[in-house]
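Going down the list, the protein sequences come from chains A and B. Just so you know, the first sequence maps onto residues 1 to 217 in the numbering used here. Just so you know, the second sequence maps onto residues 1 to 203 in the numbering used here.
Keep in mind that the hints are not guaranteed to be accurate.
[What the hints assert, rightly or not] Using C-beta positions, here's what the derived DEER-type ranges look like: (1) B:Ala190 - A:Leu154: 33 to 39 Å; (2) A:Phe27 - B:Glu165: 48 to 54 Å; (3) A:Leu160 - B:Phe189: 41 to 47 Å; (4) B:Asp97 - A:Thr49: 52 to 58 Å; (5) B:Gln179 - A:Pro114: 55 to 61 Å.
In short, the hints are calculated from the structure, not lab data. Ideal placement from N, C-alpha and C gives every residue a C-beta, glycine not left out.
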Amino acid sequence: MILALLRRDLAQFFPFTGSGAALPVVFFVAVAMLFPFAVGPDANLLARTGGGVVWIAALLAAILPLEKLVARDIALGFFDQLRLRGTAEEAMMAVRLLAHWLSFGPPLLLATFPAAALLKIEGESFTILLLGLLAGTPGLAAIGLMIAALTASLRAGAALSGLLLIPLALPILIFGAGALARQDQVSLGFVGAISLALVALAPFAAGAAIRAAREQS
Amino acid sequence: MQAPSPLLAAENLACRRGERLLFRRLSLRLESGGACHVKGANGAGKTTLIRALARLTTPYAGSVTREGALALLDERTGLDPDLPLGRALAFWFALDDAGDSAAIMKRLRLEALAEVPVRYLSTGQKKRAALARVLGQAASVWLLDEPLSGLDTASQALVSALVREHCAQGGIALIASHQPLDVPGMESFAIEAFAPAPEEDHA
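Chain A with its partners taken away, still in its complex shape (with noise of 0.2 Å):
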């Protein structure tokens, strides 16, 4: 049940096979083949802030999934239907969560090599980068997918979630973006523990959501 739930999540949210486009990978990149253009060539000051702008762009990709996350099998009676055959809203959530980050965490984990060597970011802050974006993207997730369980049953629920996740998503940000300024590995830690005290939760926030809009249905 779980493993047919799985595989047909990723079907849906995978970049390129399913209905989920890449869009948030070639978003991220297009942001860090950007900056360059604005801020010119210089190595030293690319160096410095590149990897500030690799993570706010891996936090505006995480957003653009949003929309579908939830809200669509919801009108399409899909967690009803799972429902009825005695699965818990907290599974269907955890399955959802692992599926939305396994379709954008490890895409998004690739397109750091092509964004970093755009940046000049290399050596040290290069493994602080891709280890803080690893132990950040799923919290990312699961902050995203809160979101969008509890703003389904709203009609401007797409806009509101961008703007929700980002307030939400700060602690993640400043220790991640933090850990990189101040070369120091200690950050990391809290980055991964807010990470899974997110992950841990998710599936039970999210499930009580769902829950609430088919009481409101």
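Here the structure of chain A is known, so what remains is to put chain B in place on it, guided by the hints.
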């Protein structure tokens, strides 16, 4: 496949939509082989009743008892609009362990549509696809919300035939529809009969 003795019962059920009480003191009991036709105007509360019976929503008052697996057909098909129909249905068939999915597709005249993405199907074709999903579930309790809307005459007769067969095999069917069904021995009631009198409409 059927559970030993399916049962669907509601006791003193009352449901609201927003602040408005739609119906109250609704009790029903369907046992193996029982079919019930719920009639009523649009907005009278048929869908609300079905969702409460499916225990997808919590009723305002009263309780629902059910024995046996439940299959629900409503206006939402649960089929991915971007997938070809065959693959969209295959997901549910695999989940429900449906036996002969080819026979189900043939019964509902869907074989020719297997390669067509679900979003290109007409209303009636989508309804038939959702019926295929219900058949594949092999559940003993069926809740059908407007199963006839959008269907042509031949398909409407097919729905009646499917319900007759389902009940003959000991299943239970509760059908909300404003159109007539040809199922002998079927109970029926109008949901308006349980609507609150104007003076008690502040509940």
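Hint-by-hint comparison with the structure:
no. : hint                            : result
1   : B:Ala190 - A:Leu154: 33 to 39 Å : holds, 35 Å
2   : A:Phe27 - B:Glu165: 48 to 54 Å  : holds, 53 Å
3   : A:Leu160 - B:Phe189: 41 to 47 Å : holds, 43 Å
4   : B:Asp97 - A:Thr49: 52 to 58 Å   : holds, 56 Å
5   : B:Gln179 - A:Pro114: 55 to 61 Å : holds, 60 Å
Checked against the numbered hints given earlier, this structure breaks none of them.
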